[in-house]
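Produce the entire structure from the sequences given, and follow the hints as far as they go.
Given next are the chains, with one letter for each unit.
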Amino acid sequence: MSGAIGAMRADAAKLLSEGAVKLVLGYCVRGNERYPCFISEAAQAEALDFDQSCRQNLAAYLRKPEVRGRAPLAVVSSPAVCRSLLVLSSESQIRENEVRALAIGPKGYGGILGLGALGAWLKADYPDLVPEQALLDRVAELSAKTAQERAKFWMKEFEKCTRCYACRAACPGCYCERCIVEKNMPQWISSAAAGHGNYAWEVIRAFHQAGRCTGCGACEAACPQGLPLMLLNARLSQDAFEEFGSRPGYELEAKPLIGSWSAEDDGSFIR
Amino acid sequence: MTFEPRITAFVCNWCTYAGADLTGTSRLSYAPNIRIVKLPCTGRIDPLFVLKAFEGGADAVLISGCHPGDCHYASGNYHARRRWSLFRKLLAFTGIDENRVFFSWVSAAEGQKFANLVNKVTEQVRAAGPFGERNLARRRL
Amino acid sequence: MKACGYYPGCSLAGGGVELDLSIREVSKAAGVDLREIEDWNCCGATAAHCLNHDLAVALPYRVLSLAEEQGLAEVLAPCAACFSRLKGTNLRLARSAELAGRVRAVVGRPYGGGVKIVNVNEFCGRLAAGGLKDKLSKPLGLKVAGYYGCLLSRGEGIVEGEDPENPSAMDAVIRAAGCEPVSWNFSTECCGGGFSMSKTEAVVELSAAVLADARAAGADLVVTGCPMCHSNLDMRQRSMGSEGRGMPVLYLSELLGLACGLKPEALGLNRHFTDAGPIASPLSVRGERRPSECGASRNTSTPGGR
Amino acid sequence: MRRFPKYVNAGRALMARIGVFICHCGENIGRTVDCPAAAAEAAKLPGVVLSLDYKYMCSDPGQQMINKAIAEKLLTGAVVAACSPRMHERTFRSAAAQAGLNPYLLEMANVREHCSWVHSERAAATAKANDLIRVMVEKVRRNKALFPIRVPVEPTALVVGGGIAGIQAALDIAAGGGKVVLVERSPSIGGHMARLSETFPTLDCSQCILTPRMVEAASHPDIRLMTYSEVEAVEGFVGSFEVTVRRKARYVDPEKCTGCGDCFNKCPLKKIPSEFDAGLGSRRAIYVPFPQAVPNKPVIDAANCTMLTKGKCGLCAKVCARGAIDYKDQDRLEKVKAGAVVLAAGFELWDHSAYGEYGGGRLKDVIDGFAFERLASASGPTGGEIRRPSDGSEPKTVVFIQCCGSRDDKKGKGYCSKICCMYTAKHAMLYRHKVHDGRAVVFYMDVRAAGKGYEEFVRRAIEADGAEYVRGRVSRVYRRRDGKLVVKGADTLVGRPMTVEADLVVLADAMVPRRGAEKLAQLFGVGCDTDGFYSEAHPKLRPVETAAAGVFLAGACQAPKDIPDSVAQASAAAAKALGLFAKPELEREPVIARVNKNLCVHCRACINACPYGAAKDFEIKDRAGKLLRVVAEVNEGLCQGCGTCAAVCRSNSVDLDGFSDEQVCAQIAALE
Amino acid sequence: MKLLDRSKSTDFAAALAAAGYRVAAPVSDGGLVRIKEWAPGAEIAASEMPLNSMKDFLFPRTEVIGRWTLEGDGFASQDVRPDAPKTAVLFAKPCDAAALAVLDAVFNWDCKDCFYNAKRDAAAVAVLACGSADEHCFCTSVGGSPGEAHGADLLFRPADGGLRMIVEPLTAKGKALADAAGSALSEGQAQADPIARPAERFDPGKASAWLASNFESPLWKELSLPCLGCGACAYACPACHCFDIQDEGSRSESVRCRNWDSCGFGLFTLHAGGHNPRADQSARWRQRMMHKFSYFPQRFGRLACTGCGRCARLCQAGMDIARACARISPRENA
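Protein chains in written order, with the numbering used here: chain A, 4 to 274; chain G, 16 to 156; chain D, 65 to 370; chain U, 3 to 674; chain C, 20 to 353.
Some clues are possibly wrong.
[As the list claims (entries may be wrong)] Computed cross-link-like contacts, DSBU-like style, restricted to lysine-lysine with a CA-CA straight-line distance of at most 35 Å:
1. U/272 x U/521
2. U/268 x U/366
3. A/159 x C/55
4. U/258 x U/330
5. U/618 x A/25
6. U/623 x C/240
7. A/126 x U/618
8. U/599 x A/186
9. A/163 x C/105
10. G/135 x A/155
11. U/250 x U/273
12. A/258 x A/67
13. D/197 x D/327
14. A/126 x A/258
15. U/57 x G/128
16. U/339 x U/542
17. C/240 x A/163
18. U/486 x D/207
19. A/163 x C/55
20. A/148 x G/128
21. U/413 x D/207
22. U/398 x U/415
23. U/454 x U/398
24. U/272 x U/398
25. U/337 x U/623
26. U/268 x U/314
27. U/599 x A/67
28. U/398 x D/207
29. U/258 x U/272
30. U/337 x U/320
31. U/542 x G/128
32. U/412 x D/180
33. A/148 x G/135
34. C/27 x A/155
35. A/163 x C/192
36. C/27 x A/163
37. U/146 x A/186
38. A/186 x U/46
39. U/486 x U/436
Keep in mind that the hints were calculated from the coordinates and are not lab data.
Written out as structure tokens, the structure is:
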């Protein structure tokens, strides 16, 4: 891994010194924590680091005008971040010449990759990024309970939500100019941090990621209250894959899962 | 007092609404527990409409539109089908199960089917009981 | 292809013994190890599905299950009817899990669906292009009418890669044997099939028309892969008018064997009713054949006797 | 000219003043719903200033009541609780409009079909009626005045396809005062009809009745012919389509060409099979497809001309006195503006090579219907004498096989091609007229001769002209050594197999859509059925329209049709187009989606989801023209108002007029 | 001296509950520690730094402050009284108690906020002095101390190596708590443990001075780059007090809520006309710094930060208010 990190630092320094990018988004280590860091000079590239504890999804920064304003950018990208980049690209949020990935993962450093090359790298080295088995087990365990038990479980969890929207902030898929929780006339989702508002927020937030969530886990990691948000995301991803073969973030251009259809879609639940 | 379920139905204008009209013109009777909200197409139904109905205390929600291939707008019902096939599972996973959300295709010619549908749904919800305290989406302030 | 599962079926042990002999001979020549399924049973042929649809699946199911158990990924079923039953069963099992479950319960054996069934045309084609490629030392120089009949030309998903109205799988084999496939009209016409016993006169008429068209097209002989067709075309010639008589009818595997220089009697050529001598004349089979004797004994034998 | 009626409180009212009008519908509603009680209940609702019940709200006095209330109470909205809006919404909305209330501020609560007629218990029905009325009052409180969308109409019709249907549509539109651009992809108009010898059931000469129409179309001042041209791209919508037409290189300047024929008489390439003659005749590399072609100007077939492929020859240019030949000619793209479109893309015959049992297309003397038409045609390759293609001899026995590819969902098409029974009878008849000692045998499944004079025509073929009709299918056709075609079939009426030794076999191949028709449909947003025929908007009530507004269908591109049906539909399509042109502007239901461009982040979900292609990219630029951002926008002309875009928009930046989030949420809340 | 055996923490809570208090205490909840309403059986984690601050009990995240119902053709206002049961906050942090002065000031400077004050009056706050601190603690940099109890009614001092706590009632409310504890407390002697001493990382006076003259500094853009604009820091902060008023309800009833808000949100200053004076995250982050270290001190004479470090502790982006202060006002000998 240290070789991979060295190569990644060298590439970052090269891109900056050549002027190919103006800003490199990466991770640095502070104490026991991994934090995002922003490098604009080649000399600072030594600060870049990467390991499996880097849970923040740096693709989320691409919605910040302050960051976008400094394009072209390079982003230190784990496989999940790469997928997020591709989702953003397919949703016309980023363009090829704006963002490059310094692709890095458990299997090593993939080099400087343009958006067009990410798919091939992912398919070669990480063709089946699925939620971790432990997570799927928890999903299965919860799914096996009665509706009443599930309701009880979620009521207890959702009750903790303070509506700080750290989950939204951490998620690269949440790039709306105006989030639905900010929509009034009519008040779309109650902004009170209580029962129905929390339920609607958590469920709709998850659903808005249907066919788009890349499973990076940044939302759950960001939640100060420790809500098990990945249970929702994983369940949806599983359903979307099983029913529609949805594997977001492997193609540069893809039709959105919600917003496209097939005559062969399952209709057995409809009477 | 017996429990009378409150069921909110979101139906499309062209098939199910017309089908419900046919139920009327055919003088077929059904349980009076349903309240129809008419929309142009099932494709228009936002998932939040369903949550809003539950927020207001509905015991169940029924969504009904044109059969596949019959959509007045060519593909609205296909969009709806994909959306609901995932959303209903998410609802079930969070505790709002299949006794609370129903889906159906009712064409403009299926007056009898509409009556049967409403009766069956009403019975099923009646058997499931009031949503009340178990309803996570219910307004509590 | 080094080894291949082998399902001779009943007719190859009876009326179609020449097919069995020639298949084994050419396989040996090509270095293919035929591994006969142990404890095989009847495929059900035309009888089973007339009586009981489940039985018609259950019989081949057992065969397939045995083959799978014995590690045979691919099984050659030279008889066209056996081929059709076995492969059709694979198809039906794949289409209906419910049927698969029912039959599995009846037979009491598992079957995963993994046994591929090969017919005689496909098999000979592979040998000609493979193991026999360098051994086809005796180009025969004959005009050959390839006759497919029904079971080697039809059946959606069973006979694959063929135009049912204009099949062509035999052409390559015929050419490999140094012969010229003739273009004729009756390659898929019915020979009369199983009416051989019950309505012999119809079979004679139909088979005669097939042979007459082959003759009109300039064919020196007819080749087929089906024991039923073979028996009708070969054995019934004596009842036909001149338009049908005297046309040698060989199995495709026999033709291939001759082209390899294998002995005609080893291939079973001496067992046909219609003299195949002109074909194999350089090898002089004629003298070794005693038609009356053979005919008498074979008239009493019924196919599918196991 | 005042464009909109002057509505009282047309915009959103600060304080709602809503009137509720409850209809008894005689006894229909009143018997089950306590209407006076419902009116009293409605009167209590916030914003309701008036609540009345009346025996027949749809009657004149009932409508007067609404009019008066609107005027006197200055209503900002009205709810009529009565029958289904599908019944009387239009009635009440016009009444409201007359009284000065924007019609879209009136809604109906369906207390008859959805309440009184389906419930019997009075208390429950009344309670439900109260709910339904309340729901509508809450909606109306949030209704906005909507105004029909007006689109200027360009009074030009684009007719695609220059067969009889396209020609007829063009002539009718031009006769009605519209302008027409007629696009035809081959070098001449005329289509398949020009290839026919005679037509059933009158046996009049096809060319004799068609060519005058072709000439008329070409010479009409309001019809512009664009032959040897294809539709390349379509933009815009009903009233103002902008269609890009590819004008293929002709290599002959039609302005200079006089049609003298020197060029094609001198062209050394003589053996190119003529498409027009179904391959039975030949043409040159520079050619007019047939002598009566319109325009009668040749084109060069670039694939075969040696001058164009190898740069050798140039004979035609040498002989052309007018210097009309231009080997450097290139395809050009031309834009055409049109208010309406008539698609008359026509049909072709199914390729019978899938029928191996009939020779799989390999037998020369097994031909299709068009080939027979050319054999029978006086202007055809044989001068109207029936000769078989293989050896040019006169066939003494001709077998006609009907339903070749039709009514056969295994190998061919599941549908009936409708015209084959008739043209086969005609063929048999023509053959017998020309070859008196010949034998015509027709194998048929059923004879479907529904049409004026059709059954009589078939009877004539059988009885007067001695065609032998055999009910049964042919199982095999093969060629014997002696050249005879052996036709083996069954006569199912006598229950016997039969064999006919024929000299010529004519297959009545199924009618199928033109190759490329699907692509054309996609360009115009028209759907196709599973067989590829164009889908009409409604199979019964809107058989000429399509799901794409302003695009109409004519002829066999929609379904197999004979000439009279094609002509009738073409005239109907012309009437539809003229109807559009009758007003300078088009009014459309204002239920359409709108994008809030301030909120849109251009994720393109709506653009992907819109079934009409109405949601599109929109570039926001500053005054200097610099691109600021790209968002989505809904084209008013294309949007049909399904609202799918609104539901897929994650940020709810899209809303639907008439069924806005605010309205629907208020309705849901009213049920609490 | 009065002592509380650490093992008797729950007895203390139970005794208070029996005496009619709503008891709030740091409770372990699925591996995380929160100050929440104590219920019998809940395990008290007295010396842990909870996720949330005790602000939740005085100024809850959502509070109904008005209610109207539809009656006839108009609305009738319903009487909404503050929900302020007698509350004992046990084992609060010194930094949380210090923040009470901030909240008191802001909820009383013009009108007296009855909802806050009612809860404040009904609450008795018992602080446990800190025996340890982590790298995010910086109370000493903002004038606080892990051993002080400003704003509290009772102080627990850790003693005997953490086995006991010395109980020191500071006010009448505190004394009432001690009295209600009954047998949970005992009399005896104990050796007070040393108090934690987190490093002083910056000079707040200098920070304030720098801020006052550096509104336009380019440093804001640089410092705020990692901030993604959530409200986690503000919601965890014991001193943050911004709120939003939202009306919602049904056809027949309207409810007015006061919900927490955060200057980190884009919506916070978004005008109805679409203009946003704090257009980007650097402006919002600057506001947060300015408010805590410049504007608030100017108005109320005290910092609006008590150094609890929660904001930095939970920020995924690594935003750290103390690091930012250290950057602009390094201690000379630090």
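Consistency of the hints with the structure:
At roughly 34 Å between alpha-carbon atoms, residue 272 of chain U and residue 521 of chain U fall within 35 Å of each other, so this suggested pair holds. Among the hinted pairs, residue 268 of chain U with residue 366 of chain U is consistent with the structure: their alpha-carbon atoms are about 30 Å apart, no more than 35 Å. A hinted pair counts as satisfied when its Cα atoms are at most 35 Å apart, and residue 159 of chain A with residue 55 of chain C qualifies at roughly 14 Å. With a CA separation close to 16 Å, the supplied pair residue 258 of chain U and residue 330 of chain U stays within the 35 Å bound.
Pair hint residue 618 of chain U plus residue 25 of chain A holds up; C-alpha atoms about 33 Å apart against a cutoff of 35 Å. Of the pairs offered as hints, the one joining residue 623 of chain U and residue 240 of chain C holds, with about 27 Å between alpha carbons and a cut-off of 35 Å not exceeded. The suggested pairing of residue 126 of chain A with residue 618 of chain U holds, with an alpha-carbon distance near 32 Å, which does not exceed 35 Å. Taking the CA atoms of residue 599 of chain U and residue 186 of chain A, the gap is about 15 Å. The hint holds against a cut of 35 Å.
Simply put, residue 163 of chain A and residue 105 of chain C have alpha-carbon atoms about 23 Å apart, close enough for the 35 Å limit, and the pair holds. Only pairs whose Cα atoms come within 35 Å are accepted, and residue 135 of chain G paired with residue 155 of chain A is accepted, the gap being roughly 27 Å. A hinted pair counts as satisfied when its Cα atoms are at most 35 Å apart, and residue 250 of chain U with residue 273 of chain U qualifies at roughly 23 Å. For the proposed pair residue 258 of chain A and residue 67 of chain A, the alpha carbon gap of about 25 Å is at most 35 Å, so the pair holds.
Between residue 197 of chain D and residue 327 of chain D the alpha-carbon distance is near 18 Å, which keeps this suggested pair within the 35 Å criterion. Between residue 126 of chain A and residue 258 of chain A the alpha-carbon distance is near 18 Å, which keeps this suggested pair within the 35 Å criterion. This hinted pair checks out: residue 57 of chain U and residue 128 of chain G have alpha carbons roughly 31 Å apart, not beyond 35 Å. Note on residue 339 of chain U and residue 542 of chain U: the hinted pairing holds, with a Cα-Cα distance of about 30 Å set against a maximum of 35 Å.
With a C-alpha separation of about 33 Å, the suggested pairing of residue 240 of chain C with residue 163 of chain A holds against the 35 Å cut-off. As the CA atoms of residue 486 of chain U and residue 207 of chain D are separated by approximately 23 Å, the hinted pair is consistent with the 35 Å bound. Our distance criterion of 35 Å between C-alpha atoms is met by residue 163 of chain A and residue 55 of chain C, whose separation comes to about 11 Å. Pair hint residue 148 of chain A plus residue 128 of chain G holds up; C-alpha atoms about 33 Å apart against a cutoff of 35 Å.
Taken as a hint, the residue 413 of chain U and residue 207 of chain D pair is honoured in the structure, with Cα atoms around 33 Å apart against an allowance of 35 Å. At roughly 31 Å between alpha-carbon atoms, residue 398 of chain U and residue 415 of chain U fall within 35 Å of each other, so this suggested pair holds. Simply put, residue 454 of chain U and residue 398 of chain U have alpha-carbon atoms about 32 Å apart, close enough for the 35 Å limit, and the pair holds. Between residue 272 of chain U and residue 398 of chain U, the direct Cα distance comes to roughly 30 Å. Compliance with the 35 Å bound is thereby established for this hinted pair.
Our distance criterion of 35 Å between C-alpha atoms is met by residue 337 of chain U and residue 623 of chain U, whose separation comes to about 27 Å. Proposed proximity of residue 268 of chain U and residue 314 of chain U is supported: the alpha carbons are some 15 Å apart, at most 35 Å. About 19 Å separates the Cα atoms of residue 599 of chain U and residue 67 of chain A, which keeps this hinted pair within 35 Å; it holds. Of the supplied pair hints, the one linking residue 398 of chain U and residue 207 of chain D holds, its CA atoms being roughly 33 Å apart against a limit of 35 Å.
Taking the CA atoms of residue 258 of chain U and residue 272 of chain U, the gap is near 24 Å; set against the 35 Å cutoff, the hint holds. Distance restraint check for residue 337 of chain U and residue 320 of chain U: the Cα-Cα separation of roughly 34 Å lies within the 35 Å cut-off, and the hinted pair is therefore satisfied. Taking the CA atoms of residue 542 of chain U and residue 128 of chain G, the gap is about 23 Å. The hint holds against a cut of 35 Å. Restraint check for residue 412 of chain U and residue 180 of chain D: the C-alpha separation of about 26 Å stays at or below 35 Å, so the hint holds.
Simply put, residue 148 of chain A and residue 135 of chain G have alpha-carbon atoms about 26 Å apart, close enough for the 35 Å limit, and the pair holds. Restraint check for residue 27 of chain C and residue 155 of chain A: the C-alpha separation of about 32 Å stays at or below 35 Å, so the hint holds. Our distance criterion of 35 Å between C-alpha atoms is met by residue 163 of chain A and residue 192 of chain C, whose separation comes to about 30 Å. As the CA atoms of residue 27 of chain C and residue 163 of chain A are separated by approximately 28 Å, the hinted pair is consistent with the 35 Å bound.
Distance check on the hinted pair: residue 146 of chain U and residue 186 of chain A sit about 19 Å apart at the alpha-carbon level, within 35 Å; holds. Between residue 186 of chain A and residue 46 of chain U the alpha-carbon distance is near 30 Å, which keeps this suggested pair within the 35 Å criterion. Restraint check: the Cα-Cα separation between residue 486 of chain U and residue 436 of chain U comes to about 21 Å, which is no more than 35 Å; the hinted pair holds.
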